[in-house]
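J.: Chain by chain, the residues:
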Amino acid sequence: MAGSRTSATEVLGRGHPWLSLAPALCVIAVLFGGGLVLGLAGSFAERGGGWSLDAWAQVLSEGRVWRSLGLSLWIAGASTALSCGIGLGAALLLRRSFPGQGLARLLFQINLTIPHAVGALGILWLLSQSGFLARLVAGAGGIDTPADFPPLTQDRFAIGIIAHYVWKEVPFVGLILLANMQSLGDDPESAARTLGAGPFAAMRLVLLPLLMPALVRAGAIVFAFAFGAWEVPVLLGQSSPAALPVLAWQRFTSPDLAARPEAMALAMLIALVSALLIRAAFTARR
Amino acid sequence: MKTVIGGIGGALVLAAGMAPFAATAQDGEALLAMEWDEIVEAARGGEVNVFMWGGADNINAYVSDYIGGLLADEYGITLNRVPLTDTAEAVNIVLGEVEAGAAEGAVDMIWINGENFRTMKQGDLAWCGYVEKLPNAELVDFDNPAIANDFGTPVEGCEVPWSRVQFAFAHDTARTEEPPRTIPDLLDWARANPGRFTYPAPPDFTGAAFVRHVFIHAAGGPETLIGPFDQAKFDEVAVKAWDILNDLEPSLWREGRTYPTSITQLQQMFANREVDLFFTYDPAEVGTAVVNGIFPETAMSYGLEDGTLANTNYMVIPVNSPNKAAAMVLQNLLLSGEAQLEKAQPDVWGAATVIEPDRASDEVQAGFAALERHPSVVAIEELGQAALPELQADWTQAIEDGWIENVGN
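If you read the sequences in order, they're chains X and S.
Per the numbering used here, the first sequence starts with residue 1, numbered consecutively.
Per the numbering used here, the second sequence starts with residue 287, numbered consecutively.
Simulated from the structure, these hints should not be mistaken for lab results.
Since the structure is predicted, the reported quantities are computational estimates derived from the model, not experimental observations.
Mixed in with the good hints there might be a few duds.
[Unchecked claim] One side only, chain X facing chain S, incomplete, derived with CB under 8 Å: (1) Ser20; (2) Leu94; (3) Ser97; (4) Gln101; (5) Arg156; (6) Ser190; (7) Thr194; (8) Gln250.
Note that CB positions come from ideal geometry on N, CA and C, so glycine has one too.
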């Protein structure tokens, strides 16, 4: 048994890379690609069979859809910028050794294990107008009633949603950058220092450019998630405009079957905009 | 379309293999000419196939064990419960059979309401005109508009009511001693108490139902909105309804700039004292929330004097039911005071009855009077004093879309 398993691994391991990749690629092609193709087909489907552009025309002609797109771009853009900035800063601080560094790293990473829906509910308990902070400030006499607390959830600027994504993604960005810095080692910076660069110049001119590819990749993942995810905006977002994924979900669950192709078109729009923007970010890097 | 073609093929094969006979138990015309005793005799020893949503264990047990047991013991009829995830599946079976010309189908009864009933009635798939033959039909008030109309489609003897649900509001007696009890009062109350009222934005189901209450108020009553969708009528009422709701916005939670996105959020806001009124299509939920400690014990549900939306669910016999006599006996049993009382017990199902308890036997009346109800839950009889019929799906969809377009943005 053990022998045959080893030999199978060997065969795959020594084969052409395509052969070794085949199982993983099959899963991606069937599950992910298949779903994407069916979704795209669904956006062109007409009731009772046949094809039409009606759903796309309807979706693209609606003011609501464009407002939702704008909101989703704002949420994803702001979340990505803040997560990358804070994550980078935290990684730079955490890479130096100091007493209690292990504990600090653990605390920094601990929320990676917490699901988004749980985090969003936590934000609601903390920041909403009946939440912990509002009650604390009202109890201290800062405001008359908790309801006078400024709206930080279900608010116009999606502060609650962005706060959740930043809270959740800063450790993610930080972790990727820490791993990256570990593999780079101290050598490039030390070389710059011996050549006369100050610590800040060495960081800015040597370390940051070396970290940039990893930062852009981490940022792309954060952006794609924040742009396409549904559960956080549905819990923390306002009713109108709703984030684009929430709009797609509402159409998908509508009893009106004619709304189904529109839901598919919205989902495809999310994928398309996300892919184009991330592609542009990678191209700009090069 | 595919299912219909498949149904035609299958039914043709079946029809070719069947001897052309019509049993008395199946022949609707013959049954209508019979006395009730004769119908029961014709039904004896038969089978009845009941197609119904099967997602709740307590409902399944009530039908299979309690009703099925009575049916077997008293009439020797076997009840086959066929569980569905979507009632439209059963309607599609009947549609396929009838389009294929199969006089004898597979379905004897469907638990149904709303869209699906409208499909069956419009397609002449429902067997009609037998309801007054059922002795227990006397217990039902068929003049009640909430029973005579199934989501805006007149019932007209084509189905028999089974259970009822009705929309109710809730307040906290410790905070709001006297809550508004009509829609106009509610609007005035919201203006007098800025920031203390809001409703979930449609397409949330409960939020959309609240908007329908305002829409019916704007129309001056439900009468003109009953029946098929009427664009001219809709436009006329919609202008008024959106004006009312837009005028209300500055007095709502957060000046109406945003709305809660779900009824769950409104429930939390009511529990957190952010707003002072709550509403639900399932008043028993208020009692559950008190038991779970989400709402204070002083929370009370109540109805409106100008009525709250109610809808009824029904049992329909398809026109090609193979055993209409047994189906009639089953429907009569379902309507009996004893079976309705059993169904209303909170530990059995807790479903509100469609019969008028004072038309039933003294024992049944006493049973209904003794029903254990959480003190925070309004009695269905009290709610039923003023019930508004639900509107047809085209209306509800247009109202939802119109709200999103004109109020929610």
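J.: For each hint, tell me whether it holds in the structure or not.
T.: Tested hints:
no.	hint	result
1	Ser20	violated, 42 Å
2	Leu94	violated, 37 Å
3	Ser97	violated, 46 Å
4	Gln101	violated, 41 Å
5	Arg156	holds, 7 Å
6	Ser190	violated, 54 Å
7	Thr194	violated, 58 Å
8	Gln250	holds, 6 Å
In summary, the numbered hints that this structure violates are 1, 2, 3, 4, 6 and 7.
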